[in-house]
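For this one, chain A is given, so just place chains B and C on it according to the hints.
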Amino acid sequence: MDWIELLRTAVAAVLAFVAWPVLIYFLVINTSYLVMIGLATVDFVSHRRRIPFAGREELMRSRTMPGISVVTAMHNEEMGIRVAVESFLSLQHPRHEVIVVDDGSTDNGFEVLRKAFDLVPVTRRMPQDVAVREAPTSIHVPRDGRTRLTVVGKANSGRSDSINVGVNLAREDLVLFVDSDSILDPGALLAVSRPFIEDPVTMVAAGGVIRAVNGCRVKGGRVLEVRMPGSPLADIQVLEYLRAFHLGRAGWSRINALLLISGAFGVFRRDALTSVGGLDANSIGEDFELVMRLHRTLRKQRKPCRVTFLTEPICWTEVPSTVPVLRRQRTRWHRGLWETLWAYRGMLFNPRYGRLGLVAVPYYWIFELIAPLLELVGLVLIALGFALGLVPWQYFLLFMLVAYAYAIIVTLAAVTVEELSFHKYPRWRDLGITLVAAVLENLGYRQLTAWWRLEGWFAALTRREQKWGTMTRSGFTEVDS
Amino acid sequence: MTPAQPSILVADDDPDIRELVVFKLEQAGFDVHSVADGNAALEVLTDSTPDLVVLDVMMPGLSGLDVLRQIRAEQRLETVKVLLLTARARDTDVDDGYTTGADDYVTKPFSPRELLHRVNTLLGRGR
Amino acid sequence: MATQTVVAAQLLSVVLWVLVWATIFLLALILGSRAGRLWRERRDRQLIGELRPAMLAVASGEDEDSAALSQLTTVTRRRARVVDHAVSAMLSKVKGEPARALAQVLRSHGRSSWALRGLNSKRSIRRAYAAWTLGLMRERESGSKIIPLLQDRSIDVVVAAARALTLIGDSKAARAVVRAVAPRRRPRGLPSWVAVECLCAFDESVTTVVLEATAHPRPSVRHVAATVIGTRPLPRAAPMVRERLGVEEDPRTLASLVAALGRIGGATDLPVLSRFAQHPDETVALAAVDALEGIGLHSSVEALAPLVADSRPRLSERAAVALTELGPQGRERLLAFANAPGPAELPATYALQLTAMRSATRGLD
Numbered sequence: 001m002d003w004i005e006l007l008r009t010a011v012a013a014v015l016a017f018v019a020w021p022v023l024i025y026f027l028v029i030n031t032s033y034l035v036m037i038g039l040a041t042v043d044f045v046s047h048r049r050r051i052p053f054a055g056r057e058e059l060m061r062s063r064t065m066p067g068i069s070v071v072t073a074m075h076n077e078e079m080g081i082r083v084a085v086e087s088f089l090s091l092q093h094p095r096h097e098v099i100v101v102d103d104g105s106t107d108n109g110f111e112v113l114r115k116a117f118d119l120v121p122v123t124r125r126m127p128q129d130v131a132v133r134e135a136p137t138s139i140h141v142p143r144d145g146r147t148r149l150t151v152v153g154k155a156n157s158g159r160s161d162s163i164n165v166g167v168n169l170a171r172e173d174l175v176l177f178v179d180s181d182s183i184l185d186p187g188a189l190l191a192v193s194r195p196f197i198e199d200p201v202t203m204v205a206a207g208g209v210i211r212a213v214n215g216c217r218v219k220g221g222r223v224l225e226v227r228m229p230g231s232p233l234a235d236i237q238v239l240e241y242l243r244a245f246h247l248g249r250a251g252w253s254r255i256n257a258l259l260l261i262s263g264a265f266g267v268f269r270r271d272a273l274t275s276v277g278g279l280d281a282n283s284i285g286e287d288f289e290l291v292m293r294l295h296r297t298l299r300k301q302r303k304p305c306r307v308t309f310l311t312e313p314i315c316w317t318e319v320p321s322t323v324p325v326l327r328r329q330r331t332r333w334h335r336g337l338w339e340t341l342w343a344y345r346g347m348l349f350n351p352r353y354g355r356l357g358l359v360a361v362p363y364y365w366i367f368e369l370i371a372p373l374l375e376l377v378g379l380v381l382i383a384l385g386f387a388l389g390l391v392p393w394q395y396f397l398l399f400m401l402v403a404y405a406y407a408i409i410v411t412l413a414a415v416t417v418e419e420l421s422f423h424k425y426p427r428w429r430d431l432g433i434t435l436v437a438a439v440l441e442n443l444g445y446r447q448l449t450a451w452w453r454l455e456g457w458f459a460a461l462t463r464r465e466q467k468w469g470t471m472t473r474s475g476f477t478e479v480d481s
Numbered sequence: 001m002t003p004a005q006p007s008i009l010v011a012d013d014d015p016d017i018r019e020l021v022v023f024k025l026e027q028a029g030f031d032v033h034s035v036a037d038g039n040a041a042l043e044v045l046t047d048s049t050p051d052l053v054v055l056d057v058m059m060p061g062l063s064g065l066d067v068l069r070q071i072r073a074e075q076r077l078e079t080v081k082v083l084l085l086t087a088r089a090r091d092t093d094v095d096d097g098y099t100t101g102a103d104d105y106v107t108k109p110f111s112p113r114e115l116l117h118r119v120n121t122l123l124g125r126g127r
Numbered sequence: 001m002a003t004q005t006v007v008a009a010q011l012l013s014v015v016l017w018v019l020v021w022a023t024i025f026l027l028a029l030i031l032g033s034r035a036g037r038l039w040r041e042r043r044d045r046q047l048i049g050e051l052r053p054a055m056l057a058v059a060s061g062e063d064e065d066s067a068a069l070s071q072l073t074t075v076t077r078r079r080a081r082v083v084d085h086a087v088s089a090m091l092s093k094v095k096g097e098p099a100r101a102l103a104q105v106l107r108s109h110g111r112s113s114w115a116l117r118g119l120n121s122k123r124s125i126r127r128a129y130a131a132w133t134l135g136l137m138r139e140r141e142s143g144s145k146i147i148p149l150l151q152d153r154s155i156d157v158v159v160a161a162a163r164a165l166t167l168i169g170d171s172k173a174a175r176a177v178v179r180a181v182a183p184r185r186r187p188r189g190l191p192s193w194v195a196v197e198c199l200c201a202f203d204e205s206v207t208t209v210v211l212e213a214t215a216h217p218r219p220s221v222r223h224v225a226a227t228v229i230g231t232r233p234l235p236r237a238a239p240m241v242r243e244r245l246g247v248e249e250d251p252r253t254l255a256s257l258v259a260a261l262g263r264i265g266g267a268t269d270l271p272v273l274s275r276f277a278q279h280p281d282e283t284v285a286l287a288a289v290d291a292l293e294g295i296g297l298h299s300s301v302e303a304l305a306p307l308v309a310d311s312r313p314r315l316s317e318r319a320a321v322a323l324t325e326l327g328p329q330g331r332e333r334l335l336a337f338a339n340a341p342g343p344a345e346l347p348a349t350y351a352l353q354l355t356a357m358r359s360a361t362r363g364l365d
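So the protein sequences, as listed, match chains A, B and C. For the first sequence, this note's numbering assigns the number 1 to the initial residue and increments by one for each residue that follows. For the second sequence, this note's numbering assigns the number 1 to the initial residue and increments by one for each residue that follows. For the third sequence, this note's numbering assigns the number 1 to the initial residue and increments by one for each residue that follows.
Simulated from the structure, these hints should not be mistaken for laboratory data. Where is the CB? At the ideal position from N, CA and C, for every residue including glycine. Just to be clear, a hint being listed does not mean it is correct.
[As the list claims (entries may be wrong)] Across the chosen pairs, the derived CB separations fall in these ranges: (1) A:V42 with C:S299: 26 to 36 Å; (2) A:A135 with C:T208: 47 to 57 Å; (3) C:P280 with B:R76: 33 to 43 Å; (4) A:R217 with B:Q27: 34 to 44 Å; (5) C:Q46 with A:R355: 43 to 53 Å; (6) C:V14 with A:W342: 50 to 60 Å; (7) C:L27 with A:G389: 30 to 40 Å.
[As the list claims (entries may be wrong)] Computed cross-link-like contacts, EDC-like style, restricted to lysine to aspartate or glutamate with a CA-CA straight-line distance of at most 16 Å: (8) A:K303 with C:E204; (9) A:K219 with A:D185; (10) C:K93 with B:D14.
Just chain A, same shape as in the assembly:
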C-alpha cells in the first residue's frame, strides 16, 4: 500500500540520522548515572565510618550552634497538621522554632492547631526583609509563652509567598522549608545545620532528597519502620527517589554545581535568602529556581556560594498513590524545570558561572529537560522501524538492552548502595518488592512519566494556567499503641 511505503521511507530517512545518536544518548545517560552512584558509594562508606567520632552529641552541646527556623506553609491540612507540628517541635536541636503559615485555609486546620497548642493571638509587626504579596492577618503563639511555635494567618497567595512571610518572621540564622505533610527524622535539624557550621562563610544552601513514606510504620510523626508500600505505582516512585537520592550526593555538590531538583527539601542561610529576595511567588520552580537565583546573584556579586547535598536520609513524604495525582505532579515539575532553566538560560555554557554553567546547567538541559523528548521519540521511531522491518532485530535488541536493561542495572546499583550504606529497609520481602519494581518501572511507568513531562513542557510553552490541585491524603499507617 502506498501510505505504508511512504511511512517506511519517512521513518527510514529519520532513522538514518537518529538510530545511533539515540543509542549513544541512552548509553551516556545511564553510564553517567552509574558513575555518579559509584562516587556516591565512596562517599557513603566513608561517611558511615566517620559516625563514631562525628560528634553529634557534642554538636548539640555546642555554643556556636546556629539556630534554625522551620518554616512550613499550610493549606487545608487539618488531618495531619497537628501531628506534623508536634513532630517539628520535638526535633532535636538546642535552638529551633517552628513557623506555620496558614495560606488561607478553608478547613479547620487553624482550629485544630489552636486547640492542640492553646494558641493565643499576639501583636507583632512583620519585618519586611522579603517582599510579600499578602501580609499576615494574625499571629498566634502558645499560651505558655515559651513553646517556640508561631502560627501565622494570611489570605491565600500560594506556597512561595507564604514561605516568604515565614522567612520574614523567622528569628534564627538558618531557615528550613518543609512541606507540612513531610516527616523529619529527630536528628534532621542537626544533620541539616552541620554543613553551615563547618563552612559558615561560603555555605548558603543545602538540600536533600526526600524519601517516600508510603507503607512505612509511622507513629506520632516519626517513622518507626521503613517499608515498601506494596502498590506498584508507589513502589516505583520509592525507587525513583532512592535513585535520585544516591545520584544527587555524588559529583554535583563536590564540584559545587549542585542544583536542587523537584521532590527535595531545602535549608538556606537566612541572610543569603533575604539578599536575593526569597522565593519567587510567580515561579513554579520554587526551591530549584531559588537556588539558581542564589548562584547567579552571589556569583555576580563575587560572593562565595556553596550548595551542598545532605548525606543522610532525613525527610519523608507521601508520594502520589494514584495516577491522576502523579500526573499532575510530574507535569508541574517539568514545567517548573523548563521555566527556570529558560529564565536562567544566560548561565548556559557561561564560563562566569564556572562548573555550574559549563557542566551542571547543560547537563540539566540535556539529561533532564530534553530527556523525555529524546526517549519517547527514540522509542517510537525504533519500535516503528522494527515493526516496518527497517531495523534488524539485533539492533532492536541492542536498543532495548542499552535503554532499559541498563537502566535496571543502574537502579540495582542504587539499591546496592542503599543496602551497603543505610540499609533502611529491613524486611527481605521489601527487597523482593524493590527488585520487581525495578523491572516494572521500565515497562510503562517510565514511558508514561516521559509523556507527562512533555505535557508539562508543552503546557508551559503554550502558557496554559497551572493547576496545583489537591493532594488526596490517604494518611500514613498510624500505629495503634
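This is chains B and C only, laid out in the frame that chain A set:
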C-alpha cells in the same frame, strides 16, 4: 528499712546510657523501669506513679522537656521527682529545665556515682 | 528497505554478557551484604551479650572487687575487637572513675599502642580513629603526639584530633588548635564549633593564646577567639575586647565580641553597646541588645528603652523583651510605652503579653 523500694522510671533513647543507669540504680536497691522514648514514658506514667523519673532531654518523639511539662501539668504526678540528663550545661538549657519543674539535672558525660548521689538526695535518702 | 544499522553480532553478545554479569554481581552484592551484615550483627550481639553485665558493672563503678574488670581484660582477641567497640562507645558517655576503668580495659587489649601506631597510618580513617581512641582514654601523655594531626591533610583527622584534645584537656595544645582554624595551605580549617569547645575545655592558661587570636589576620580565627571569650567566659579579656570593638570589620566576629562584652563587661560599656545597637548589620545590632540585657544593671534599662522605638521590628521586639527581664523598672518603662501611641507601642505590648503568659504558667516553681 523503708516499707517498699522506691520506684524509678528511666527514659533514654541511648541503650548504653539507659542500661547503665538502670544497672546502677538496681544495684542500689531501687525498683527500676526503663523506656526508650518520651511517648513510652508518658504511657507508663498514665498507669503508674513512680517516685522519681530520670529523663534524657534529647530523645526522639517527645523530648525530655516535653515529658516534664506533661508531668508537671498533672495533679496526680505532683510528688514525682524529676532528674534531667542533659548534654548541655549552657545556662538557658538548665533554666528551661528548672522553670518547667525539674528537680535536678546531670550533664553528660556523667559520673554514675554522682547520678546515684543526686537520686538519693532527691528521694530523701541522703546516703 | 533495510537501514544501515547493521549491528555486529559480537557487539550484541558483548553487551548482553556485560549486562547479565553486572546483574548477577549486583544481586550477589545486595544479598551478600545483607546476609553478611545480619550474621555479623548476630555474632557481635552474642559475643558482647555475655560480657554486657560486666561492662555495665565497670561503667557504673559497681565493680569493687574488679572481677568484672578482669573479665573484660582477659578476653580472646576476637572478642576484644567487639568489646573495644562497645567500651569506646561507653567511654564517651561517662566520666570519672568508671571512665578510667574502661580506659584500662582498652589499654589491656593493646589499644593504646594500636592507637599510637595508627597516628602515622596512611589511611585517614585510621588516623582519625587512633586520635579519637587516645582521646577517649584520656591519655595525657599522648597529647603531644596528637597535636601534629591538627595540620593533617584530611579534615576528619583534624576534627578527631581536636576533639581528642578536648577530652584530654591539655592546654599546651591551644596554640596549635588556633592555628588549625585557619591553615595556611588548605582551604578548609578546623570548624569553629570544635575549636571553641576545645579552647573552652582548657584551663586558664589558654587566655594568652586567645587574646593573641583576637587580633589574628584571619576573621575565622578572630571569630573563634571572640566566641571563646564570651562562652567560657574569660573576664580578663575585657580590655582586649573593648579595643577590638573599635577596629573589627568582620560582622560575625563583631557580633561575637559584642556578645562577649555583654557577659564580661560592666556599666562603663553601656554607651559602647548602645552605639552598636545602631549598627547597620542586624546581627550585630541584635547581639548588642542581648549584651545590654546581659549587663543587667538599672542603667541598662535606660540604654534599652530608646531601642524599643527602633524602626527595625526584630530589634524593637528584642529590646522590649529584654526590658521585661530587667525587673520592675524595665516593666514600668514598657507599660509607659504600651499606653502611649508611637513606634514603641506595638513591641512593648507584645513583650508585656509574653511576660504575662510566661508568668501565668510558672506555677509550681
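A quick look at each hint next to the structure:
no. : hint                           : verdict
1   : A:V42 with C:S299: 26 to 36 Å  : violated, 59 Å
2   : A:A135 with C:T208: 47 to 57 Å : holds, 53 Å
3   : C:P280 with B:R76: 33 to 43 Å  : violated, 55 Å
4   : A:R217 with B:Q27: 34 to 44 Å  : holds, 36 Å
5   : C:Q46 with A:R355: 43 to 53 Å  : holds, 50 Å
6   : C:V14 with A:W342: 50 to 60 Å  : violated, 41 Å
7   : C:L27 with A:G389: 30 to 40 Å  : holds, 36 Å
8   : A:K303 with C:E204             : violated, 38 Å
9   : A:K219 with A:D185             : holds, 12 Å
10  : C:K93 with B:D14               : holds, 10 Å
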